[in-house]
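J.: Chains as they are written, first to last, in our numbering: chain D, 350 to 614; chain Y, 350 to 614; chain R, 350 to 614; chain Z, 350 to 614.
No wet-lab data here; the hints were simulated from the structure. C-beta atoms are modelled at their ideal positions from N, C-alpha and C, and glycine is treated no differently. Treat the hints with caution; some may be incorrect.
[To be verified] Derived DEER-like restraints, expressed as beta-carbon distance ranges:
#: 1; chain 1: D; residue 1: F355; chain 2: Y; residue 2: I442; range: 50 to 56 Å
#: 2; chain 1: Z; residue 1: T549; chain 2: D; residue 2: W405; range: 53 to 59 Å
#: 3; chain 1: Y; residue 1: I442; chain 2: D; residue 2: L412; range: 48 to 54 Å
#: 4; chain 1: Z; residue 1: S481; chain 2: D; residue 2: L446; range: 44 to 50 Å
[Said to hold, decoys possible] Cross-link-like lysine to any residue pairs, in silico, SDA-like; alpha carbons within 25 Å at most:
#: 5; chain 1: Z; residue 1: K492; chain 2: R; residue 2: R580
#: 6; chain 1: R; residue 1: K492; chain 2: Z; residue 2: I561
#: 7; chain 1: Y; residue 1: K492; chain 2: D; residue 2: A368
#: 8; chain 1: D; residue 1: K492; chain 2: Z; residue 2: D362
#: 9; chain 1: Z; residue 1: K492; chain 2: R; residue 2: V488
#: 10; chain 1: R; residue 1: K367; chain 2: Z; residue 2: I498
#: 11; chain 1: R; residue 1: K492; chain 2: Y; residue 2: A432
#: 12; chain 1: Y; residue 1: K492; chain 2: R; residue 2: I561
#: 13; chain 1: Z; residue 1: K612; chain 2: D; residue 2: F605
#: 14; chain 1: Y; residue 1: K492; chain 2: R; residue 2: I566
#: 15; chain 1: Y; residue 1: K612; chain 2: R; residue 2: S592
#: 16; chain 1: Z; residue 1: K492; chain 2: D; residue 2: S557
#: 17; chain 1: D; residue 1: K392; chain 2: R; residue 2: T554
#: 18; chain 1: R; residue 1: K392; chain 2: D; residue 2: V548
#: 19; chain 1: Z; residue 1: K492; chain 2: R; residue 2: G360
#: 20; chain 1: Y; residue 1: K611; chain 2: Z; residue 2: F593
#: 21; chain 1: Z; residue 1: K611; chain 2: D; residue 2: F605
#: 22; chain 1: R; residue 1: K392; chain 2: Z; residue 2: E520
#: 23; chain 1: Y; residue 1: K611; chain 2: D; residue 2: F605
#: 24; chain 1: Y; residue 1: K492; chain 2: D; residue 2: L487
#: 25; chain 1: D; residue 1: K367; chain 2: Y; residue 2: F497
#: 26; chain 1: Z; residue 1: K492; chain 2: R; residue 2: Q482
#: 27; chain 1: Z; residue 1: K612; chain 2: D; residue 2: L613
#: 28; chain 1: D; residue 1: K492; chain 2: Z; residue 2: L433
#: 29; chain 1: Y; residue 1: K612; chain 2: R; residue 2: K612
#: 30; chain 1: R; residue 1: K367; chain 2: R; residue 2: L438
#: 31; chain 1: Y; residue 1: K367; chain 2: R; residue 2: I498
#: 32; chain 1: Z; residue 1: K492; chain 2: R; residue 2: V375
#: 33; chain 1: R; residue 1: K367; chain 2: Z; residue 2: V502
#: 34; chain 1: R; residue 1: K367; chain 2: Z; residue 2: K492
#: 35; chain 1: R; residue 1: K392; chain 2: Z; residue 2: N518
#: 36; chain 1: D; residue 1: K367; chain 2: Y; residue 2: I498
#: 37; chain 1: Y; residue 1: K492; chain 2: Y; residue 2: A432
One-letter residues, chain by chain:
Number of protein chains: 4
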Amino acid sequence: MREKLFVIIFGADTKPGKAFDLILIVLIIFSITIVMLESLPDKSDVFYYRLNVLEWVVTSIFLVEYIVRIWIVRKPWRYIFSALGIIDLLAIIPSFLGLAFSGTHMLVVLRALRLLRIFRILKLTRYMDEGSQLWRALVASRKKIGVFIFTVVVLIIIMGTMMYIIESNQESGFTSIPISIYWSVVTLTTVGYGDIAPVTALGQTLASIVMIMGYAIIAVPTGIVTVELGRKPCAEIIHPACSFCGKKGHDKDAVFCKYCGKKLG
Amino acid sequence: MREKLFVIIFGADTKPGKAFDLILIVLIIFSITIVMLESLPDKSDVFYYRLNVLEWVVTSIFLVEYIVRIWIVRKPWRYIFSALGIIDLLAIIPSFLGLAFSGTHMLVVLRALRLLRIFRILKLTRYMDEGSQLWRALVASRKKIGVFIFTVVVLIIIMGTMMYIIESNQESGFTSIPISIYWSVVTLTTVGYGDIAPVTALGQTLASIVMIMGYAIIAVPTGIVTVELGRKPCAEIIHPACSFCGKKGHDKDAVFCKYCGKKLG
Amino acid sequence: MREKLFVIIFGADTKPGKAFDLILIVLIIFSITIVMLESLPDKSDVFYYRLNVLEWVVTSIFLVEYIVRIWIVRKPWRYIFSALGIIDLLAIIPSFLGLAFSGTHMLVVLRALRLLRIFRILKLTRYMDEGSQLWRALVASRKKIGVFIFTVVVLIIIMGTMMYIIESNQESGFTSIPISIYWSVVTLTTVGYGDIAPVTALGQTLASIVMIMGYAIIAVPTGIVTVELGRKPCAEIIHPACSFCGKKGHDKDAVFCKYCGKKLG
Amino acid sequence: MREKLFVIIFGADTKPGKAFDLILIVLIIFSITIVMLESLPDKSDVFYYRLNVLEWVVTSIFLVEYIVRIWIVRKPWRYIFSALGIIDLLAIIPSFLGLAFSGTHMLVVLRALRLLRIFRILKLTRYMDEGSQLWRALVASRKKIGVFIFTVVVLIIIMGTMMYIIESNQESGFTSIPISIYWSVVTLTTVGYGDIAPVTALGQTLASIVMIMGYAIIAVPTGIVTVELGRKPCAEIIHPACSFCGKKGHDKDAVFCKYCGKKLG
Chain D
350 MREKLFVIIF GADTKPGKAF DLILIVLIIF SITIVMLESL PDKSDVFYYR
400 LNVLEWVVTS IFLVEYIVRI WIVRKPWRYI FSALGIIDLL AIIPSFLGLA
450 FSGTHMLVVL RALRLLRIFR ILKLTRYMDE GSQLWRALVA SRKKIGVFIF
500 TVVVLIIIMG TMMYIIESNQ ESGFTSIPIS IYWSVVTLTT VGYGDIAPVT
550 ALGQTLASIV MIMGYAIIAV PTGIVTVELG RKPCAEIIHP ACSFCGKKGH
600 DKDAVFCKYC GKKLG
Chain Y
350 MREKLFVIIF GADTKPGKAF DLILIVLIIF SITIVMLESL PDKSDVFYYR
400 LNVLEWVVTS IFLVEYIVRI WIVRKPWRYI FSALGIIDLL AIIPSFLGLA
450 FSGTHMLVVL RALRLLRIFR ILKLTRYMDE GSQLWRALVA SRKKIGVFIF
500 TVVVLIIIMG TMMYIIESNQ ESGFTSIPIS IYWSVVTLTT VGYGDIAPVT
550 ALGQTLASIV MIMGYAIIAV PTGIVTVELG RKPCAEIIHP ACSFCGKKGH
600 DKDAVFCKYC GKKLG
Chain R
350 MREKLFVIIF GADTKPGKAF DLILIVLIIF SITIVMLESL PDKSDVFYYR
400 LNVLEWVVTS IFLVEYIVRI WIVRKPWRYI FSALGIIDLL AIIPSFLGLA
450 FSGTHMLVVL RALRLLRIFR ILKLTRYMDE GSQLWRALVA SRKKIGVFIF
500 TVVVLIIIMG TMMYIIESNQ ESGFTSIPIS IYWSVVTLTT VGYGDIAPVT
550 ALGQTLASIV MIMGYAIIAV PTGIVTVELG RKPCAEIIHP ACSFCGKKGH
600 DKDAVFCKYC GKKLG
Chain Z
350 MREKLFVIIF GADTKPGKAF DLILIVLIIF SITIVMLESL PDKSDVFYYR
400 LNVLEWVVTS IFLVEYIVRI WIVRKPWRYI FSALGIIDLL AIIPSFLGLA
450 FSGTHMLVVL RALRLLRIFR ILKLTRYMDE GSQLWRALVA SRKKIGVFIF
500 TVVVLIIIMG TMMYIIESNQ ESGFTSIPIS IYWSVVTLTT VGYGDIAPVT
550 ALGQTLASIV MIMGYAIIAV PTGIVTVELG RKPCAEIIHP ACSFCGKKGH
600 DKDAVFCKYC GKKLG
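If we strip away everything but chain D, and leave its shape as in the complex, we get (with noise of 0.2 Å):
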């Protein structure tokens, strides 16, 4: 019988199994769009009422859900504290954290990340790969996007301060080093709200300096990812793995496999 569960609610090969992550996704979309009707302004008490009791159904469900989950799994620990597990307790989580802190509760938008799952219903396995392979670009480039992100933050920081004092005397909105810095991010990052700008002469000089330094470092976290993501970009094509050693990622010119030294057919 658990046997059984566990096959429903893991596994997303089998027709109930499939039924089930569709009512799970079908619950969190009604679930978030609840949350949203809910922030709408001037709504009525009772309407309110209804939605918070709505809410609440959800909820319950998938506490009851999570439960069963630690239940059916071998290793409950493992799960708990896996992405996954995580992610299914983060669903749950704010419905309570709601009745300590009014409009926390709100976060059970949180639930969208379990959207994600939706990809293994739709038996996606490819989407998956290409997810994965997305990811492990990322991964490969972290080092280099930390080393860079590490790089502009100091840079902002000491963007933020000289506006601040350039700019701090002039009715511009540079009340604070810590407004300036964010004012440094919002023109790094090209957004540019104009909630906060520069107004005298020195101060837009520097401001122009960020503008063209956040237009050209752009290039360099793109650049990182498309090489990562550019390796072997003809390998799959030529040779789709060597039939002895199975191993894929052989170049378009290759006529013997690298690891096994094997005839590629």
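Starting from the known structure of chain D, arrange chains Y, R and Z on it as the hints suggest.
T.: Relative to chain D, chains Y, R and Z alone:
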């Protein structure tokens, strides 16, 4: 006779065929100009009336053309449901739609889509190639881009809700979750209108994270498309293999095998 | 004597030639500075008068230079209609244009284009190479970019009109289709001034789509240029040039020249 | 004794050396926090006074450290004029600069630059590698980027002036050419504050061109850096050549020659 018409209306190689397409394009640009003039404020009724008449003239021409097209093609249904056929229909509908809902007739700008056939007239088969190359690259990377966009959307929903929880008490415009999600899109895409902007320290901190994320993850679609476009050079190889050493990967402009120096077939 | 002048004015290898070019650059920067000063608000008439005189001095020098250039070149017409000749002419016209239309004389900033010859003086042939590499990459991808921009323009027109239909009744600034198309450009390019921004739910939804589109399709031009620049990244490194036919661009794993079949050194 | 100090202060491999660097980082973050607190509005004088004292304490520590560094290195001048030495000096100067010009002492945030040594402590030689890889890529493409930026600047100046000529009569904020050039930067980099925005039809048309240009040419720096970063894979090859067939281009993880199948040395 149907044959003749077919060559004229569907072909673009004969003189009359080119002329026909050219007239179409002139008409399209003409009708789009009409709509734009019409939208300009404080115009006299007479002026408006004339534009209206002119527009109906163009529309009726397109209607006749559409009917003729259906009449002369061998498989009418296939044409009607082809991309081309739908675009042709979209160029007519709005005018009639306008009778029901005022303003909607301005959708005649959808005719602009027909302008893309300009490439055919100019005999820019080369352009078509380029276009289809881009298209293939986008199609080839649709799965990766799909996964990417889906993830980004989930991210946007969560970020938007968090901002709503943080900023909703302020006068900063985060009046509801949908609005906050809209802000989330505006910020993540680095558009940054500034009509909605965080004012609390916490809100600005979260906003900064969203911006840096948006600034960084743009690298992903860029990387995907670049790699796809980059595949081409190794995908289309003129010489599949040297007939002597059988080695692949020769460039288009190669005359001799770059491995054994023998002439390539 | 004409010979001498030619070497001085057109050459940049001899000392006097360098000096001449250097003087030109100083004059250009000087005249641009004049225009900028002139544009600054609340300046006295005397101040204005002096600037005016200075500007005419510079202009007359350039005029003389231009005439001399025409006089000393063997094929005057070829020079006049060459990119260089047109740029030189553009540096003079505005001053006279200013006599007819006030303000237009400020177009003397077009002289800035002549600053690009700074590379020649600094003997930065390397720089020129780099520049022409970029140029070649852009030229090679002009067709792809053309198709891309044309499609984007069609998209912008349609999106702009849709927004006009949706928002024209609001106070959100979509007063006409041209204005809405302008908004469309501002948004798709992720500039986002915020002077015009949707206020209706439907408008904001459509705007979000435009933004995400703009955010995604920037990948296309980037991909195109990157691939063009990336053609044979490691070419030069291994085989600078075939010692027989002198052709470059051999792959790093090439053993024989792929053009003449001779063994590579 | 100087030896010992040298190992502690300049080295990061020994325990004391690590501890020393760690203390430095803590002090840096501490002093930056002080400056930020100080910049916050409406703080009492006492509070300000205390922060001031704390800052001087940190500064004097850094001063002592700097002197010691000079004292213990064999070639003081080389250290003083090295990037590291200048950064260390920049961390001290502002405090004293602040005595002369109020506010400038906030430039102590320049100490943030010293945070980059965090990589050393964490023994993240890998990170340093990544960093220097990025650095090499940027250095290798500096010429191309130089040409690119120079051209962009010329473009910005011309566009800015044209906008000034068109919009200067309006209330749209184009009060002078320098301001218009500032707008030009804000727009071309797609930052788009909106504090200055064109209002005339002609101005908005020109602005649209600037935006699309800015949107398109960002492809250039991205392409440059990507290609440079992409060179790496073929630059650092583990197996220079197969000892049997002498063919190059083997991947890092290759065990056998991919051309002749012989084991690689």
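J.: Is R:K492 close enough to Y:A432, meaning Cα to Cα at most 25 Å?
T.: holds (23 Å)
J.: Next pair to validate is Y:K612 with R:S592; report whether the Cα-Cα distance is within 25 Å.
T.: holds (19 Å)
J.: Under the criterion that the straight-line Cα-Cα distance not exceed 25 Å, is the pair Y:K492, R:I566 satisfied?
T.: Holds. Y:K492 to R:I566 sits at ~15 Å (cutoff 25 Å).
J.: Is the hinted pair Y:K492 and D:A368 satisfied, with a Cα-Cα distance of at most 25 Å?
T.: The hint holds at about 24 Å.
J.: Given the hint of 53 to 59 Å, is the C-beta distance from Z:T549 to D:W405 inside that range or not?
T.: holds (57 Å)
J.: Z:K612 and D:F605 were given as a pair; does the straight-line alpha-carbon distance stay at or below 25 Å?
T.: holds (11 Å)
J.: When you check the alpha-carbon spacing of D:K367 and Y:I498, does it fall within 25 Å?
T.: Measuring from Cα to Cα gives roughly 23 Å; hence the hint holds.
J.: Can you confirm whether the C-alpha distance between Y:K492 and Y:A432 stays at or below 25 Å?
T.: holds (22 Å)
J.: Are the Cα positions of Z:K612 and D:L613 separated by 25 Å at most?
T.: Within the cut-off at roughly 16 Å; holds.
J.: Can you confirm whether the C-alpha distance between Z:K492 and R:R580 stays at or below 25 Å?
T.: Roughly 19 Å between the alpha carbons, so the hint for Z:K492 and R:R580 holds.
J.: Assess, step by step, whether the Cα of Y:K611 is no farther than 25 Å from the Cα of Z:F593, and give holds or violated.
T.: holds (21 Å)
J.: Below or equal to 25 Å on CA atoms is what counts here, so check Y:K612 against R:K612.
T.: holds (13 Å)
The structure is consistent with each of the numbered hints, conforming to all of them.
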